[in-house]
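J.: Sequence:
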Amino acid sequence: MYKYLLWDVDGTILDFLASESCAIKELFKRFNLGECTDEMLGIYSKINVKYWDALARNEITKPEVLIGRFNEFFTMMNIDTGIAEEFNKAYQLALGDYCIFVKNAKEILQSQKGKYTLVAVTNGTKVAQTKKLKMSGLDNIFDHIFISEDVGYEKPNLGFFQCVFDTLNIKDKSQVLMIGDSLISDMQGGINAGVDTCWFNPNHSENRDNLKITYEISQLKQIEDVL
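In terms of numbering that gives the first Met the number 0, the sequence shown is residues 0 to 226.
Note that these hints are calculated values from the structure, not bench results.
Everything numeric in this text was worked out from a predicted model, so none of it was measured.
Don't take every hint at face value.
Claimed, not checked - Pair ranges (Cβ atoms, derived):
no., residue 1, residue 2, range
1, Asn-77, Leu-16, 20 to 26 Å
2, Leu-157, Leu-16, 25 to 31 Å
3, Glu-85, Glu-106, 35 to 41 Å
4, Thr-74, Glu-223, 44 to 50 Å
5, Lys-220, Glu-25, 16 to 22 Å
6, Arg-207, Glu-85, 31 to 37 Å
7, Ser-110, Lys-133, 48 to 54 Å
Each residue gets a CB set at the ideal place from its N, CA and C atoms; glycine is no exception.
The task is simple: from the sequences and hints, build the whole structure.
T.: What follows is the structure, given as structure tokens:
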């Protein structure tokens with residue numbers, strides 16, 4: 000029986016794409032960059048995922064993710080890349096202004112509180128995640144929160160999960176379930192850590208690397224069947 004539920008935040012509990020869309024459209028207005036269309040957002044989103052996946056594979060650093068993604072996006076959109084650093088700083092805070100929950104996520108977490116030890120595990124920046132967790136009320140739902148910048152490791156690095164195990168004094172890994180939407184950081188991370196995994200896969204994406212995932216769900220409410 001599981002005792003510790005390790006929950007990813009972005010894309011699992013919070014609808015990151017929706018928050019991303021709202022934040023970037025707002026900042027385009029603030030920086031007088033004109034309209035950011037849905038097509039432009041789609042381009043940015045793919046660039047962003049590419050950079051975060053590269054970070055999870057230890058190919059680049061987090062600062063290279065944060066600035067590099069906007070440098071590449073702005074170059075493609077013929078926007079002055081000189082504003083990339085300032086834009087990124089504003090973006091980190093703007094994300095916290097738009098906390099949009101994945102369907103049933105908040106209700107599920109509230110129903111789990113007290114029954115399990117709820118642990119947030121996230122690779123997002125400390126500035127963005129701290130604001131998001133506070134504005135969404137998740138900081139009052141989770142029993143423990145681990146942000147990669149504080150931990151010193153990014154998921155899927157074993158060091159991240161070892162910090163969780165050591166901090167919470169987890170001895171029996173069979174009591175731990177990692178729940179997340181990312182194959183690279185969440186599922187591979189759980190596998191690296193030797194715990195069961197639950198892949199939240201609402202878009203029915205392909206398990207490209209044939210990872211040995213314990214459970215797969217397309218709707219969060221299905222987690223009740225897993226538990």
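J.: Determine for every hint whether it applies to the structure shown.
T.: Each hint, compared with the structure:
1. In this structure the hint that Asn-77 and Leu-16 lie 20 to 26 Å apart at CB holds, the actual value being about 24 Å.
2. For the pair Leu-157 and Leu-16, the beta carbons lie near 29 Å from each other, so the given range of 25 to 31 Å is met.
3. Between Glu-85 and Glu-106 the C-beta distance comes to about 38 Å, which sits within the given range of 35 to 41 Å.
4. A C-beta distance of roughly 46 Å is found between Thr-74 and Glu-223, which places it inside the suggested range of 44 to 50 Å.
5. Between Lys-220 and Glu-25 the CB atoms are about 31 Å apart, so this pair departs from the stated range of 16 to 22 Å.
6. At roughly 36 Å, the beta carbons of Arg-207 and Glu-85 sit within the given window of 31 to 37 Å.
7. A C-beta distance of roughly 22 Å is found between Ser-110 and Lys-133, which places it outside the suggested range of 48 to 54 Å.
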